[in-house]
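Undergrad: For this one, chain A is given, so just place chain B on it according to the hints.
Number of protein chains: 2
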Amino acid sequence: MPSALILIADGTEEMEFTITYDTLVRAGVSCTSAYIAPADDKGGLEIGNKTAPPFATGSRGINILPDRYFAPLELGPDKFDALVIPGGAKGAETISSNSPVQHLVREYFNKGKVVGMICAGSLAAKTSNLPKQALTSHPSVKTELEKDFDYSEEPVVVSKNLVTSRGPGTAFPFALTLVELLCGKDKREEVRGPMVFPSSTPW
Amino acid sequence: MPSALILIADGTEEMEFTITYDTLVRAGVSCTSAYIAPADDKGGLEIGNKTAPPFATGSRGINILPDRYFAPLELGPDKFDALVIPGGAKGAETISSNSPVQHLVREYFNKGKVVGMICAGSLAAKTSNLPKQALTSHPSVKTELEKDFDYSEEPVVVSKNLVTSRGPGTAFPFALTLVELLCGKDKREEVRGPMVFPSSTPW
Numbered sequence: 001m002p003s004a005l006i007l008i009a010d011g012t013e014e015m016e017f018t019i020t021y022d023t024l025v026r027a028g029v030s031c032t033s034a035y036i037a038p039a040d041d042k043g044g045l046e047i048g049n050k051t052a053p054p055f056a057t058g059s060r061g062i063n064i065l066p067d068r069y070f071a072p073l074e075l076g077p078d079k080f081d082a083l084v085i086p087g088g089a090k091g092a093e094t095i096s097s098n099s100p101v102q103h104l105v106r107e108y109f110n111k112g113k114v115v116g117m118i119c120a121g122s123l124a125a126k127t128s129n130l131p132k133q134a135l136t137s138h139p140s141v142k143t144e145l146e147k148d149f150d151y152s153e154e155p156v157v158v159s160k161n162l163v164t165s166r167g168p169g170t171a172f173p174f175a176l177t178l179v180e181l182l183c184g185k186d187k188r189e190e191v192r193g194p195m196v197f198p199s200s201t202p203w
Numbered sequence: 001m002p003s004a005l006i007l008i009a010d011g012t013e014e015m016e017f018t019i020t021y022d023t024l025v026r027a028g029v030s031c032t033s034a035y036i037a038p039a040d041d042k043g044g045l046e047i048g049n050k051t052a053p054p055f056a057t058g059s060r061g062i063n064i065l066p067d068r069y070f071a072p073l074e075l076g077p078d079k080f081d082a083l084v085i086p087g088g089a090k091g092a093e094t095i096s097s098n099s100p101v102q103h104l105v106r107e108y109f110n111k112g113k114v115v116g117m118i119c120a121g122s123l124a125a126k127t128s129n130l131p132k133q134a135l136t137s138h139p140s141v142k143t144e145l146e147k148d149f150d151y152s153e154e155p156v157v158v159s160k161n162l163v164t165s166r167g168p169g170t171a172f173p174f175a176l177t178l179v180e181l182l183c184g185k186d187k188r189e190e191v192r193g194p195m196v197f198p199s200s201t202p203w
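If you're matching them up, the sequences are chains A and B in order. The UniProt record's numbering numbers the first residue of the first sequence as 1 and each following residue consecutively. The UniProt record's numbering numbers the first residue of the second sequence as 1 and each following residue consecutively.
So that you can see chain A by itself, here it is in the shape it has in the complex:
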């Protein structure tokens, strides 16, 4: 069973996070969300004798309980087939400026694992010093990326094992592209059907 590690922080765009996680689960991908704490970590919740990561408050106020804390040594490319970074301005800032995350992004990319970034999450390609290649992002961070990458305005850009996309409106084709890369084209179609997209939807 393929597996994916999906990062989340306060300010993560909750639609991009949820659409990616849920669509991958529908394809049989085992998903784990890991919480990247801000500099002023608010600490975990005590539940019985365990400490759960605190909930992440999304960019529009939905509180999501991540599956675990981020611990880079336990989350390397030997453990997961894909690493995904969602957008949301504040969440993407926290994630992309975290140096253990940057190291992990390079490891996943260099080992040929699927690396997905959407919206402002694409900033992590720059902060992680990934090689110049085709990439897209939310238009609001285009100017920060166009010098270091071959900037595209396609909804989803696949460059080797780096998959980038633009925003909530492209999150479904982004997630379905990850399904196709991890599970094949047939699985993409199998997952897409029951979601009931309108007939002229272009993905």
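Any given hint could turn out to be false.
When chains are identical, the list treats them as one kind, so a pair holds in a single copy or across two.
Straight-line C-alpha distance at most 27 angstroms; calculated DSSO-like pairs for lysine-lysine [unchecked claim]: (1) K79 - K111; (2) K132 - K142; (3) K187 - K90; (4) K147 - K185; (5) K111 - K132; (6) K142 - K187; (7) K113 - K142.
Source of the hints: derived by calculation from the structure; they are not laboratory data.
TA: Leaving out everything else, chain B in the frame of chain A:
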């Protein structure tokens, strides 16, 4: 500022919930999610000296912390401009079979407030005894609805103040339709732009 009450339970489809809530917040709608406990209520989380509702485990395993417990006397049509019921087979079953919810649905509908139902959430139109009218749902529950309603296969069906839709793949046009009804056509366009849908997207 318009306001919306969005119900959530264990087994709610987390994309449908999140896309609706997030899109409405982008339009300036004040959203409140209320947790419908299952028959075997697992109880609230003690945090300091307060009891928060337990997290709702979505249909694909994402844990969401609702804003509050469901308490029908505090959540009537005098308090909110819209009531929304997301899908997810198990979540929709819990919500639509809850008799205080059924009473609330009738109250919102009869007072002319916007009532939104998506996917299996449309079952609540039947369990609440709403009058026969145009409606859609996820194809998997069509047979349960087609005798009592004028069943449609359009992505989003607006019948008076009842708005119904089909699944995760129609959640964006469903949410944008709610924005249009609550905030007007200009706000719909204003919210839609920054989401960056691919150019030929049919909504």
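Undergrad: Determine which of the earlier numbered hints do not hold for this structure and return their numbers in increasing order.
TA: 4
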